[in-house]
Amino acid sequence: MGQTESERDPGGADQRFRALFTQEWEWRLRQLPDGEDGQLPIADHLPHVDPGTEETRLNYWEEILAELDRIPRAELAPANQTSFDVYRAQLEVLLARQRFRQFEMPANSDSAFWTDLGYTARRRFDEAADYENWISQMEDLPRYFEEQKEEMRAGLRRGFTPPRVTLGGRDASLTGVLTASPEENLFYTPFRDISPSVPRSAHADLRRRAAEVISAKVQPAYQQLLTFFQEEDLPGTRTTLAARELPDGEAYYASLLQEFTTLDLTPAQVHEIGLAEIERLEVEMSEVVREVGFGGGLAQFLIHLREDPRFYAKTPAELLSHAAWIAKVFDGKASRYFGRLPRRRFTIRPVPDDLAPFYTSGRGGPDEYLVNTYDLAHRPLYNLAALTLHESAPGHSFQMSLALEETSLPDFRRHTYISAFGEGWALYCEWLGVEMDIYETPYQRFGMLGYQSWRAARLVVDTGIHTMGWTRARALEYLQDHTALPHHEVETEIDRYIAMPAQALAYYLGEMRIRELRSRAESALGSSFRLPAFHDTVLQLGSVPLAVLDRRIDQFIAEGGHSPYASDG
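Just so we're aligned, residue 1 is where the sequence shown starts under the working numbering, counting upward by one.
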(Lines of atoms letter the chains of each structure in order from A; the text may use other names.)
(Lines give C-alpha, C1' and ligand atoms only; values in the text may rest on other atoms or scores of the structure.)
Protein backbone atom coordinates (compact mmCIF):
# COMPACT_ATOMS: atom_id res chain seq x y z
CA MET A 1 0.00 0.00 0.00
CA GLY A 2 1.42 3.38 -1.01
CA GLN A 3 2.00 6.16 1.44
CA THR A 4 -0.20 9.24 1.55
CA GLU A 5 1.34 12.66 0.96
CA SER A 6 1.18 13.46 4.67
CA GLU A 7 2.87 10.13 5.54
CA ARG A 8 5.71 10.89 3.10
CA ASP A 9 5.95 14.44 4.43
CA PRO A 10 4.59 14.92 7.98
CA GLY A 11 4.30 18.65 7.36
CA GLY A 12 2.53 18.24 4.02
CA ALA A 13 -0.97 19.17 5.18
CA ASP A 14 0.31 22.25 6.98
CA GLN A 15 2.33 23.34 3.96
CA ARG A 16 -0.61 22.87 1.61
CA PHE A 17 -2.89 24.80 3.92
CA ARG A 18 -0.42 27.65 4.33
CA ALA A 19 0.18 27.88 0.59
CA LEU A 20 -3.56 27.90 -0.10
CA PHE A 21 -4.57 30.64 2.31
CA THR A 22 -1.51 32.75 1.44
CA GLN A 23 -2.37 32.59 -2.26
CA GLU A 24 -6.03 33.37 -1.68
CA TRP A 25 -5.37 36.19 0.80
CA GLU A 26 -2.99 37.94 -1.60
CA TRP A 27 -5.59 37.57 -4.35
CA ARG A 28 -8.32 38.85 -2.02
CA LEU A 29 -6.31 41.97 -1.23
CA ARG A 30 -5.96 42.73 -4.93
CA GLN A 31 -9.70 42.24 -5.38
CA LEU A 32 -10.84 44.05 -2.20
CA PRO A 33 -7.86 46.20 -1.28
CA ASP A 34 -9.15 48.03 1.79
CA GLY A 35 -9.98 44.95 3.84
CA GLU A 36 -12.40 45.04 6.77
CA ASP A 37 -10.48 46.84 9.49
CA GLY A 38 -9.04 49.85 7.67
CA GLN A 39 -5.51 48.86 8.64
CA LEU A 40 -4.15 47.53 5.35
CA PRO A 41 -1.98 49.78 3.15
CA ILE A 42 -3.85 52.40 1.15
CA ALA A 43 -4.33 50.91 -2.29
CA ASP A 44 -3.67 52.63 -5.61
CA HIS A 45 -7.05 51.61 -7.03
CA LEU A 46 -10.66 50.98 -6.09
CA PRO A 47 -12.24 47.54 -6.45
CA HIS A 48 -13.77 46.35 -9.70
CA VAL A 49 -17.43 45.44 -9.18
CA ASP A 50 -18.56 44.69 -12.73
CA PRO A 51 -20.56 41.48 -13.35
CA GLY A 52 -17.59 39.63 -14.83
CA THR A 53 -15.42 40.34 -11.82
CA GLU A 54 -18.16 39.29 -9.42
CA GLU A 55 -18.57 36.00 -11.31
CA THR A 56 -14.80 35.45 -11.20
CA ARG A 57 -14.84 35.91 -7.42
CA LEU A 58 -17.61 33.36 -7.03
CA ASN A 59 -15.80 30.79 -9.16
CA TYR A 60 -12.45 31.39 -7.50
CA TRP A 61 -13.75 31.04 -3.94
CA GLU A 62 -15.63 27.88 -4.92
CA GLU A 63 -12.35 26.43 -6.20
CA ILE A 64 -10.49 27.48 -3.05
CA LEU A 65 -13.12 25.91 -0.80
CA ALA A 66 -13.00 22.67 -2.76
CA GLU A 67 -9.21 22.63 -2.49
CA LEU A 68 -9.38 23.38 1.23
CA ASP A 69 -11.70 20.44 1.79
CA ARG A 70 -9.13 18.16 0.18
CA ILE A 71 -6.67 19.00 2.96
CA PRO A 72 -7.01 16.53 5.89
CA ARG A 73 -7.79 18.77 8.85
CA ALA A 74 -6.85 16.06 11.36
CA GLU A 75 -3.28 16.04 10.02
CA LEU A 76 -2.76 19.73 10.62
CA ALA A 77 -0.88 21.09 13.62
CA PRO A 78 -3.29 22.17 16.41
CA ALA A 79 -2.85 25.89 15.69
CA ASN A 80 -3.54 25.28 12.01
CA GLN A 81 -6.66 23.26 12.84
CA THR A 82 -8.05 26.38 14.51
CA SER A 83 -7.05 28.52 11.54
CA PHE A 84 -8.61 25.94 9.19
CA ASP A 85 -11.96 26.29 10.98
CA VAL A 86 -11.79 30.09 10.90
CA TYR A 87 -10.75 30.14 7.26
CA ARG A 88 -13.43 27.72 6.12
CA ALA A 89 -16.11 29.82 7.82
CA GLN A 90 -14.70 32.92 6.12
CA LEU A 91 -14.91 31.29 2.70
CA GLU A 92 -18.49 30.18 3.30
CA VAL A 93 -19.48 33.77 4.13
CA LEU A 94 -17.70 35.15 1.06
CA LEU A 95 -19.43 32.58 -1.14
CA ALA A 96 -22.86 33.21 0.36
CA ARG A 97 -22.51 36.92 -0.36
CA GLN A 98 -21.65 36.16 -3.98
CA ARG A 99 -24.37 33.54 -4.45
CA PHE A 100 -27.08 35.84 -3.13
CA ARG A 101 -25.58 38.68 -5.20
CA GLN A 102 -25.36 40.89 -2.14
CA PHE A 103 -23.13 43.25 -4.12
CA GLU A 104 -26.25 44.47 -5.94
CA MET A 105 -27.25 46.32 -2.75
CA PRO A 106 -24.07 48.30 -1.96
CA ALA A 107 -25.83 51.10 -0.05
CA ASN A 108 -28.30 51.24 2.80
CA SER A 109 -29.39 53.59 5.59
CA ASP A 110 -26.29 52.84 7.67
CA SER A 111 -23.45 52.60 5.18
CA ALA A 112 -22.68 52.89 1.49
CA PHE A 113 -19.78 52.49 -0.90
CA TRP A 114 -19.40 56.27 -1.12
CA THR A 115 -19.32 56.75 2.66
CA ASP A 116 -16.71 53.99 2.89
CA LEU A 117 -14.45 56.28 0.87
CA GLY A 118 -14.86 58.87 3.58
CA TYR A 119 -13.38 56.46 6.10
CA THR A 120 -10.33 56.06 3.87
CA ALA A 121 -9.99 59.84 3.55
CA ARG A 122 -9.88 60.12 7.33
CA ARG A 123 -7.33 57.36 7.80
CA ARG A 124 -3.79 57.95 8.94
CA PHE A 125 -1.46 58.60 6.00
CA ASP A 126 2.25 58.02 6.72
CA GLU A 127 4.28 57.74 3.53
CA ALA A 128 4.40 59.60 0.24
CA ALA A 129 2.98 56.48 -1.41
CA ASP A 130 -0.19 56.79 0.70
CA TYR A 131 -0.89 60.24 -0.78
CA GLU A 132 -0.02 59.14 -4.32
CA ASN A 133 -2.28 56.09 -3.96
CA TRP A 134 -5.15 58.21 -2.64
CA ILE A 135 -4.88 60.50 -5.65
CA SER A 136 -4.95 57.38 -7.85
CA GLN A 137 -8.08 56.17 -6.07
CA MET A 138 -9.76 59.54 -6.67
CA GLU A 139 -8.85 59.34 -10.36
CA ASP A 140 -10.38 55.85 -10.45
CA LEU A 141 -13.57 56.97 -8.71
CA PRO A 142 -15.72 57.74 -11.80
CA ARG A 143 -15.18 54.22 -13.16
CA TYR A 144 -15.94 52.73 -9.73
CA PHE A 145 -19.16 54.73 -9.32
CA GLU A 146 -20.38 53.72 -12.78
CA GLU A 147 -19.87 50.04 -11.98
CA GLN A 148 -21.65 50.43 -8.62
CA LYS A 149 -24.60 52.11 -10.33
CA GLU A 150 -24.87 49.23 -12.78
CA GLU A 151 -24.93 46.77 -9.88
CA MET A 152 -27.65 48.80 -8.18
CA ARG A 153 -29.64 48.81 -11.42
CA ALA A 154 -29.39 45.01 -11.48
CA GLY A 155 -30.70 44.97 -7.92
CA LEU A 156 -33.55 47.29 -8.88
CA ARG A 157 -34.56 45.00 -11.75
CA ARG A 158 -35.01 42.01 -9.44
CA GLY A 159 -36.34 43.85 -6.39
CA PHE A 160 -33.14 43.43 -4.38
CA THR A 161 -32.95 46.87 -2.74
CA PRO A 162 -33.08 48.48 0.69
CA PRO A 163 -36.56 49.47 1.86
CA ARG A 164 -37.41 52.97 0.64
CA VAL A 165 -38.61 54.11 4.06
CA THR A 166 -35.08 53.79 5.46
CA LEU A 167 -33.38 55.97 2.83
CA GLY A 168 -34.99 59.37 3.36
CA GLY A 169 -32.36 62.09 3.64
CA ARG A 170 -29.46 59.75 2.98
CA ASP A 171 -28.46 61.82 -0.04
CA ALA A 172 -27.01 64.37 2.42
CA SER A 173 -23.82 62.30 2.50
CA LEU A 174 -23.49 62.96 -1.24
CA THR A 175 -24.34 66.65 -1.30
CA GLY A 176 -21.67 67.48 1.27
CA VAL A 177 -18.94 66.50 -1.19
CA LEU A 178 -20.56 68.60 -3.91
CA THR A 179 -21.01 71.81 -1.96
CA ALA A 180 -17.54 71.99 -0.43
CA SER A 181 -14.68 73.57 -2.34
CA PRO A 182 -11.83 71.21 -3.27
CA GLU A 183 -9.64 72.45 -0.40
CA GLU A 184 -12.51 72.11 2.09
CA ASN A 185 -13.65 68.77 0.72
CA LEU A 186 -13.79 65.50 2.62
CA PHE A 187 -11.49 63.96 0.00
CA TYR A 188 -8.86 66.62 0.66
CA THR A 189 -8.62 65.63 4.37
CA PRO A 190 -5.22 63.83 4.19
CA PHE A 191 -3.58 66.84 2.53
CA ARG A 192 -4.39 69.34 5.28
CA ASP A 193 -1.81 67.88 7.63
CA ILE A 194 0.71 65.94 5.56
CA SER A 195 2.91 63.44 7.39
CA PRO A 196 6.38 64.72 8.34
CA SER A 197 7.87 61.69 6.58
CA VAL A 198 6.89 63.28 3.24
CA PRO A 199 9.46 65.86 2.07
CA ARG A 200 8.12 69.39 2.48
CA SER A 201 9.17 70.12 -1.07
CA ALA A 202 6.47 67.68 -2.25
CA HIS A 203 3.58 69.11 -0.19
CA ALA A 204 2.50 71.88 -2.55
CA ASP A 205 2.43 69.60 -5.58
CA LEU A 206 0.44 66.91 -3.75
CA ARG A 207 -2.10 69.48 -2.60
CA ARG A 208 -2.41 71.00 -6.05
CA ARG A 209 -2.96 67.61 -7.70
CA ALA A 210 -5.47 66.56 -5.04
CA ALA A 211 -7.53 69.72 -5.50
CA GLU A 212 -7.49 69.29 -9.27
CA VAL A 213 -8.66 65.68 -9.21
CA ILE A 214 -11.39 66.48 -6.67
CA SER A 215 -12.71 69.18 -8.97
CA ALA A 216 -12.27 67.28 -12.23
CA LYS A 217 -13.15 63.71 -11.22
CA VAL A 218 -14.62 63.35 -7.74
CA GLN A 219 -17.26 66.06 -7.71
CA PRO A 220 -18.66 65.32 -11.19
CA ALA A 221 -18.93 61.63 -10.25
CA TYR A 222 -20.75 62.55 -7.05
CA GLN A 223 -23.13 64.80 -8.97
CA GLN A 224 -23.98 61.96 -11.36
CA LEU A 225 -24.43 59.58 -8.43
CA LEU A 226 -26.71 62.04 -6.64
CA THR A 227 -28.87 62.36 -9.76
CA PHE A 228 -29.00 58.58 -10.07
CA PHE A 229 -29.91 58.19 -6.37
CA GLN A 230 -32.69 60.79 -6.46
CA GLU A 231 -34.20 60.08 -9.87
CA GLU A 232 -33.63 56.37 -10.46
CA ASP A 233 -32.55 54.45 -7.38
CA LEU A 234 -34.74 55.85 -4.60
CA PRO A 235 -38.00 55.81 -6.63
CA GLY A 236 -37.32 52.21 -7.59
CA THR A 237 -36.56 50.82 -4.14
CA ARG A 238 -38.99 48.43 -2.54
CA THR A 239 -41.85 49.46 -0.28
CA THR A 240 -41.70 46.26 1.79
CA LEU A 241 -39.53 45.84 4.90
CA ALA A 242 -38.85 42.15 5.47
CA ALA A 243 -35.84 40.28 4.16
CA ARG A 244 -38.22 37.43 3.36
CA GLU A 245 -39.76 39.72 0.70
CA LEU A 246 -36.46 39.81 -1.19
CA PRO A 247 -35.67 37.27 -3.93
CA ASP A 248 -35.11 33.91 -2.19
CA GLY A 249 -35.63 35.96 0.95
CA GLU A 250 -36.04 33.26 3.58
CA ALA A 251 -32.83 31.53 2.53
CA TYR A 252 -31.06 34.88 2.33
CA TYR A 253 -32.07 35.80 5.87
CA ALA A 254 -31.00 32.37 7.12
CA SER A 255 -27.57 32.86 5.54
CA LEU A 256 -27.23 36.27 7.18
CA LEU A 257 -28.28 34.86 10.54
CA GLN A 258 -25.55 32.23 10.20
CA GLU A 259 -22.97 34.80 9.05
CA PHE A 260 -23.55 37.27 11.86
CA THR A 261 -24.18 34.87 14.76
CA THR A 262 -22.13 31.82 13.63
CA LEU A 263 -24.76 29.76 15.44
CA ASP A 264 -27.29 27.22 14.17
CA LEU A 265 -30.45 28.92 15.40
CA THR A 266 -33.79 29.51 13.73
CA PRO A 267 -35.38 32.98 13.69
CA ALA A 268 -38.09 31.69 16.03
CA GLN A 269 -35.49 30.50 18.54
CA VAL A 270 -33.71 33.87 18.41
CA HIS A 271 -37.02 35.67 18.92
CA GLU A 272 -37.84 33.60 22.03
CA ILE A 273 -34.37 34.15 23.50
CA GLY A 274 -34.90 37.87 23.10
CA LEU A 275 -38.29 37.85 24.81
CA ALA A 276 -36.94 35.86 27.76
CA GLU A 277 -33.91 38.12 28.18
CA ILE A 278 -36.02 41.28 28.03
CA GLU A 279 -38.19 39.92 30.84
CA ARG A 280 -35.12 39.09 32.96
CA LEU A 281 -33.42 42.44 32.35
CA GLU A 282 -36.52 44.45 33.16
CA VAL A 283 -36.53 42.91 36.64
CA GLU A 284 -32.97 44.18 37.15
CA MET A 285 -33.82 47.59 35.71
CA SER A 286 -36.81 47.91 38.03
CA GLU A 287 -34.54 47.22 41.00
CA VAL A 288 -32.42 50.24 40.04
CA VAL A 289 -35.57 52.38 39.73
CA ARG A 290 -36.42 51.50 43.32
CA GLU A 291 -32.81 52.06 44.41
CA VAL A 292 -32.82 55.70 43.26
CA GLY A 293 -36.17 56.32 44.97
CA PHE A 294 -38.11 57.17 41.83
CA GLY A 295 -41.82 57.42 42.54
CA GLY A 296 -43.05 55.48 39.53
CA GLY A 297 -42.60 52.34 37.51
CA LEU A 298 -40.07 51.41 34.84
CA ALA A 299 -42.06 52.95 31.98
CA GLN A 300 -42.33 56.29 33.79
CA PHE A 301 -38.62 56.15 34.66
CA LEU A 302 -37.71 55.75 31.00
CA ILE A 303 -39.72 58.89 30.18
CA HIS A 304 -38.01 60.70 33.07
CA LEU A 305 -34.57 59.80 31.74
CA ARG A 306 -35.43 60.99 28.24
CA GLU A 307 -36.79 64.32 29.44
CA ASP A 308 -34.60 65.40 32.38
CA PRO A 309 -31.93 67.83 31.05
CA ARG A 310 -29.44 66.98 33.82
CA PHE A 311 -28.70 63.71 32.04
CA TYR A 312 -27.48 65.43 28.87
CA ALA A 313 -24.31 67.29 27.91
CA LYS A 314 -24.66 70.95 26.96
CA THR A 315 -21.79 71.07 24.45
CA PRO A 316 -19.95 68.61 22.19
CA ALA A 317 -16.78 69.22 24.20
CA GLU A 318 -18.56 68.19 27.40
CA LEU A 319 -19.71 64.90 25.86
CA LEU A 320 -16.24 64.18 24.47
CA SER A 321 -14.60 65.05 27.80
CA HIS A 322 -16.86 62.63 29.67
CA ALA A 323 -15.98 59.88 27.18
CA ALA A 324 -12.26 60.58 27.55
CA TRP A 325 -12.51 60.48 31.35
CA ILE A 326 -14.23 57.10 31.31
CA ALA A 327 -11.58 55.70 28.95
CA LYS A 328 -8.82 56.87 31.30
CA VAL A 329 -10.58 55.40 34.33
CA PHE A 330 -10.46 52.04 32.56
CA ASP A 331 -6.75 52.51 31.83
CA GLY A 332 -6.10 52.67 35.57
CA LYS A 333 -7.83 49.32 36.07
CA ALA A 334 -6.78 47.47 32.92
CA SER A 335 -3.83 45.48 34.30
CA ARG A 336 -6.03 43.92 36.99
CA TYR A 337 -8.31 42.34 34.37
CA PHE A 338 -6.03 41.73 31.39
CA GLY A 339 -2.60 40.17 31.22
CA ARG A 340 -1.66 41.56 27.81
CA LEU A 341 -2.49 45.15 26.88
CA PRO A 342 -2.32 46.53 23.33
CA ARG A 343 0.54 48.86 22.38
CA ARG A 344 -1.63 50.83 19.94
CA ARG A 345 -3.34 54.00 21.16
CA PHE A 346 -6.73 55.27 20.02
CA THR A 347 -8.00 58.82 19.87
CA ILE A 348 -11.49 60.13 20.60
CA ARG A 349 -13.19 62.24 17.94
CA PRO A 350 -16.69 63.46 17.13
CA VAL A 351 -18.55 61.66 14.35
CA PRO A 352 -17.98 63.69 11.15
CA ASP A 353 -20.77 66.11 10.26
CA ASP A 354 -21.58 64.35 6.98
CA LEU A 355 -22.37 61.11 8.82
CA ALA A 356 -23.65 62.25 12.20
CA PRO A 357 -27.41 62.68 11.52
CA PHE A 358 -27.83 59.00 10.61
CA TYR A 359 -24.95 57.51 12.62
CA THR A 360 -25.05 55.46 15.79
CA SER A 361 -24.05 56.98 19.16
CA GLY A 362 -20.47 55.87 18.68
CA ARG A 363 -18.16 53.42 16.96
CA GLY A 364 -14.68 52.24 17.71
CA GLY A 365 -11.74 50.78 15.85
CA PRO A 366 -8.02 50.32 16.42
CA ASP A 367 -7.19 53.99 15.90
CA GLU A 368 -10.23 55.93 17.04
CA TYR A 369 -13.40 56.03 19.09
CA LEU A 370 -16.04 58.17 17.38
CA VAL A 371 -18.61 59.83 19.65
CA ASN A 372 -21.74 61.29 18.05
CA THR A 373 -22.13 64.91 19.21
CA TYR A 374 -25.05 65.60 16.84
CA ASP A 375 -28.38 66.42 18.53
CA LEU A 376 -27.01 66.54 22.08
CA ALA A 377 -30.51 66.54 23.57
CA HIS A 378 -30.66 62.87 22.58
CA ARG A 379 -27.17 61.76 23.73
CA PRO A 380 -27.64 60.76 27.38
CA LEU A 381 -24.65 60.78 29.69
CA TYR A 382 -25.93 57.81 31.71
CA ASN A 383 -25.30 55.59 28.66
CA LEU A 384 -21.83 56.96 27.97
CA ALA A 385 -19.86 54.66 30.29
CA ALA A 386 -21.32 51.53 28.66
CA LEU A 387 -20.83 53.02 25.20
CA THR A 388 -17.19 53.84 25.93
CA LEU A 389 -16.38 50.38 27.29
CA HIS A 390 -18.00 48.87 24.20
CA GLU A 391 -16.44 51.03 21.52
CA SER A 392 -12.99 51.82 22.92
CA ALA A 393 -11.38 49.85 25.74
CA PRO A 394 -11.65 47.04 26.57
CA GLY A 395 -14.09 46.73 23.67
CA HIS A 396 -13.47 47.30 19.96
CA SER A 397 -10.33 49.47 19.98
CA PHE A 398 -8.69 47.17 22.54
CA GLN A 399 -9.71 43.86 20.96
CA MET A 400 -8.95 44.84 17.38
CA SER A 401 -5.56 46.25 18.33
CA LEU A 402 -4.59 43.05 20.12
CA ALA A 403 -5.64 41.04 17.06
CA LEU A 404 -3.50 43.19 14.78
CA GLU A 405 -0.53 42.83 17.14
CA GLU A 406 -0.88 39.04 17.37
CA THR A 407 1.69 38.30 14.67
CA SER A 408 1.52 34.54 15.31
CA LEU A 409 -1.85 34.59 13.51
CA PRO A 410 -2.15 34.55 9.72
CA ASP A 411 -3.25 37.82 8.14
CA PHE A 412 -6.68 36.49 7.23
CA ARG A 413 -7.37 36.24 10.98
CA ARG A 414 -5.69 39.49 12.03
CA HIS A 415 -7.55 41.66 9.50
CA THR A 416 -10.99 40.04 9.35
CA TYR A 417 -13.85 40.82 11.71
CA ILE A 418 -16.50 38.31 12.78
CA SER A 419 -19.47 40.08 14.32
CA ALA A 420 -20.56 37.41 16.80
CA PHE A 421 -17.10 37.46 18.36
CA GLY A 422 -16.27 41.17 18.07
CA GLU A 423 -19.68 42.55 19.00
CA GLY A 424 -20.23 39.83 21.59
CA TRP A 425 -16.91 40.75 23.20
CA ALA A 426 -17.73 44.47 23.20
CA LEU A 427 -21.12 43.88 24.82
CA TYR A 428 -19.49 41.57 27.38
CA CYS A 429 -17.19 44.51 28.20
CA GLU A 430 -20.22 46.65 29.07
CA TRP A 431 -21.33 43.98 31.54
CA LEU A 432 -17.74 43.62 32.83
CA GLY A 433 -17.87 47.31 33.74
CA VAL A 434 -19.89 46.39 36.85
CA GLU A 435 -17.09 44.14 38.07
CA MET A 436 -14.51 46.82 37.24
CA ASP A 437 -16.45 49.49 39.20
CA ILE A 438 -16.70 51.72 36.13
CA TYR A 439 -20.33 52.62 36.81
CA GLU A 440 -20.15 55.23 39.56
CA THR A 441 -23.89 55.92 39.93
CA PRO A 442 -27.06 53.85 39.78
CA TYR A 443 -28.01 55.85 36.69
CA GLN A 444 -24.86 54.70 34.87
CA ARG A 445 -25.57 51.13 35.93
CA PHE A 446 -29.11 51.56 34.64
CA GLY A 447 -27.59 52.82 31.39
CA MET A 448 -25.62 49.59 31.12
CA LEU A 449 -28.75 47.51 31.78
CA GLY A 450 -30.63 49.63 29.28
CA TYR A 451 -27.95 48.91 26.69
CA GLN A 452 -28.19 45.19 27.48
CA SER A 453 -31.95 45.41 27.06
CA TRP A 454 -31.50 47.28 23.79
CA ARG A 455 -29.37 44.45 22.40
CA ALA A 456 -31.79 41.80 23.67
CA ALA A 457 -34.66 43.75 22.10
CA ARG A 458 -32.86 43.52 18.77
CA LEU A 459 -33.37 39.75 18.83
CA VAL A 460 -37.10 40.35 19.03
CA VAL A 461 -37.31 43.28 16.60
CA ASP A 462 -35.00 41.99 13.87
CA THR A 463 -36.67 38.58 13.64
CA GLY A 464 -40.06 40.23 14.02
CA ILE A 465 -39.47 42.54 11.05
CA HIS A 466 -37.79 40.07 8.74
CA THR A 467 -39.71 36.85 9.41
CA MET A 468 -42.92 37.68 11.30
CA GLY A 469 -44.45 40.59 9.41
CA TRP A 470 -43.78 43.35 11.94
CA THR A 471 -44.38 46.89 10.72
CA ARG A 472 -41.92 49.72 11.27
CA ALA A 473 -44.37 51.30 13.72
CA ARG A 474 -44.58 48.13 15.79
CA ALA A 475 -40.79 47.82 15.87
CA LEU A 476 -40.43 51.46 16.93
CA GLU A 477 -42.96 51.00 19.70
CA TYR A 478 -41.27 47.85 21.00
CA LEU A 479 -37.84 49.47 21.17
CA GLN A 480 -39.33 52.62 22.72
CA ASP A 481 -41.10 50.60 25.41
CA HIS A 482 -38.23 48.31 26.37
CA THR A 483 -35.12 50.50 26.20
CA ALA A 484 -33.96 53.88 27.48
CA LEU A 485 -32.85 55.00 24.03
CA PRO A 486 -33.84 58.55 23.02
CA HIS A 487 -36.47 58.94 20.29
CA HIS A 488 -33.98 59.93 17.58
CA GLU A 489 -31.79 56.93 18.26
CA VAL A 490 -34.77 54.57 18.31
CA GLU A 491 -35.59 55.65 14.75
CA THR A 492 -32.03 55.39 13.42
CA GLU A 493 -31.64 51.97 15.04
CA ILE A 494 -34.87 50.56 13.64
CA ASP A 495 -33.93 51.76 10.16
CA ARG A 496 -30.57 50.08 10.61
CA TYR A 497 -32.21 46.75 11.51
CA ILE A 498 -34.56 47.02 8.56
CA ALA A 499 -31.73 47.81 6.14
CA MET A 500 -29.15 45.35 7.55
CA PRO A 501 -31.02 42.11 8.29
CA ALA A 502 -29.56 39.91 11.08
CA GLN A 503 -26.50 42.09 11.73
CA ALA A 504 -27.91 43.26 15.05
CA LEU A 505 -28.35 39.67 16.26
CA ALA A 506 -24.61 39.18 16.70
CA TYR A 507 -24.24 41.32 19.83
CA TYR A 508 -26.38 39.70 22.46
CA LEU A 509 -25.96 36.13 21.26
CA GLY A 510 -22.19 36.60 21.18
CA GLU A 511 -22.14 38.08 24.68
CA MET A 512 -24.31 35.27 26.03
CA ARG A 513 -21.86 32.70 24.71
CA ILE A 514 -18.80 34.47 26.16
CA ARG A 515 -20.48 34.75 29.55
CA GLU A 516 -21.50 31.09 29.40
CA LEU A 517 -17.92 30.08 28.60
CA ARG A 518 -16.55 32.18 31.45
CA SER A 519 -19.03 30.56 33.84
CA ARG A 520 -17.99 27.13 32.55
CA ALA A 521 -14.32 27.92 33.13
CA GLU A 522 -14.95 29.34 36.60
CA SER A 523 -16.89 26.24 37.64
CA ALA A 524 -14.35 23.80 36.22
CA LEU A 525 -11.22 25.54 37.49
CA GLY A 526 -12.44 26.74 40.87
CA SER A 527 -9.66 28.50 42.77
CA SER A 528 -7.32 28.09 39.77
CA PHE A 529 -9.44 30.39 37.62
CA ARG A 530 -7.75 33.68 36.79
CA LEU A 531 -9.81 36.30 35.00
CA PRO A 532 -6.84 37.95 33.19
CA ALA A 533 -5.84 34.53 31.83
CA PHE A 534 -9.38 33.89 30.58
CA HIS A 535 -9.51 37.28 28.87
CA ASP A 536 -6.08 36.77 27.29
CA THR A 537 -7.18 33.40 25.95
CA VAL A 538 -10.29 34.86 24.33
CA LEU A 539 -8.51 37.87 22.84
CA GLN A 540 -5.46 35.97 21.58
CA LEU A 541 -7.71 34.25 19.01
CA GLY A 542 -8.29 37.40 16.96
CA SER A 543 -11.87 37.12 15.69
CA VAL A 544 -13.37 33.64 15.35
CA PRO A 545 -16.69 31.81 15.03
CA LEU A 546 -18.22 31.02 18.41
CA ALA A 547 -17.75 27.27 17.95
CA VAL A 548 -14.00 27.87 17.66
CA LEU A 549 -14.08 29.91 20.86
CA ASP A 550 -15.96 27.06 22.57
CA ARG A 551 -13.21 24.59 21.71
CA ARG A 552 -10.47 26.99 22.80
CA ILE A 553 -12.03 27.50 26.23
CA ASP A 554 -12.40 23.73 26.64
CA GLN A 555 -8.66 23.52 25.93
CA PHE A 556 -8.02 26.38 28.39
CA ILE A 557 -9.83 24.41 31.09
CA ALA A 558 -8.02 21.15 30.25
CA GLU A 559 -4.65 22.92 30.49
CA GLY A 560 -5.40 24.31 33.94
CA GLY A 561 -6.46 27.84 33.05
CA HIS A 562 -3.10 29.25 31.99
CA SER A 563 -2.74 32.36 29.85
CA PRO A 564 -1.48 31.77 26.30
CA TYR A 565 1.30 34.29 27.02
CA ALA A 566 4.48 33.26 28.77
CA SER A 567 4.39 36.38 30.94
CA ASP A 568 1.24 35.18 32.68
CA GLY A 569 1.86 34.16 36.27
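Source of the hints: derived by calculation from the structure; they are not laboratory data.
Here the structure is a predicted model, which is why all the values come from computation and not from measurement.
Certain hints may be false.
Stated by the list, open to error - Between beta-carbon pairs, the in silico distance windows are:
| hint | residue 1 | residue 2 | range |
| --- | --- | --- | --- |
| 1 | Tyr565 | Glu477 | 47 to 55 angstroms |
| 2 | Arg30 | Ala547 | 27 to 35 angstroms |
| 3 | Ala356 | Val283 | 22 to 30 angstroms |
| 4 | Ile303 | Pro199 | 27 to 35 angstroms |
| 5 | Ala268 | Ser321 | 17 to 25 angstroms |
Unchecked claim - With a cut-off of at most 30 angstroms between alpha-carbon atoms, the simulated DSSO-like pairs for lysine-lysine come out as follows:
| hint | residue 1 | residue 2 |
| --- | --- | --- |
| 6 | Lys314 | Lys333 |
| 7 | Lys217 | Lys149 |
| 8 | Lys328 | Lys314 |
No residue lacks a Cβ here, since even glycine has one placed at the ideal position from N, Cα and C.
Comparing the hints with the structure gives:
1. Tyr565 x Glu477: 47 to 55 angstroms: 48 angstroms, holds
2. Arg30 x Ala547: 27 to 35 angstroms: 30 angstroms, holds
3. Ala356 x Val283: 22 to 30 angstroms: 35 angstroms, violated
4. Ile303 x Pro199: 27 to 35 angstroms: 60 angstroms, violated
5. Ala268 x Ser321: 17 to 25 angstroms: 45 angstroms, violated
6. Lys314 x Lys333: Given pair Lys314, Lys333 holds - Cα atoms ~29 angstroms apart, limit 30 angstroms.
7. Lys217 x Lys149: At roughly 16 angstroms apart (the allowed maximum being 30 angstroms), Lys149 and Lys217 satisfy the hint.
8. Lys328 x Lys314: 22 angstroms, holds
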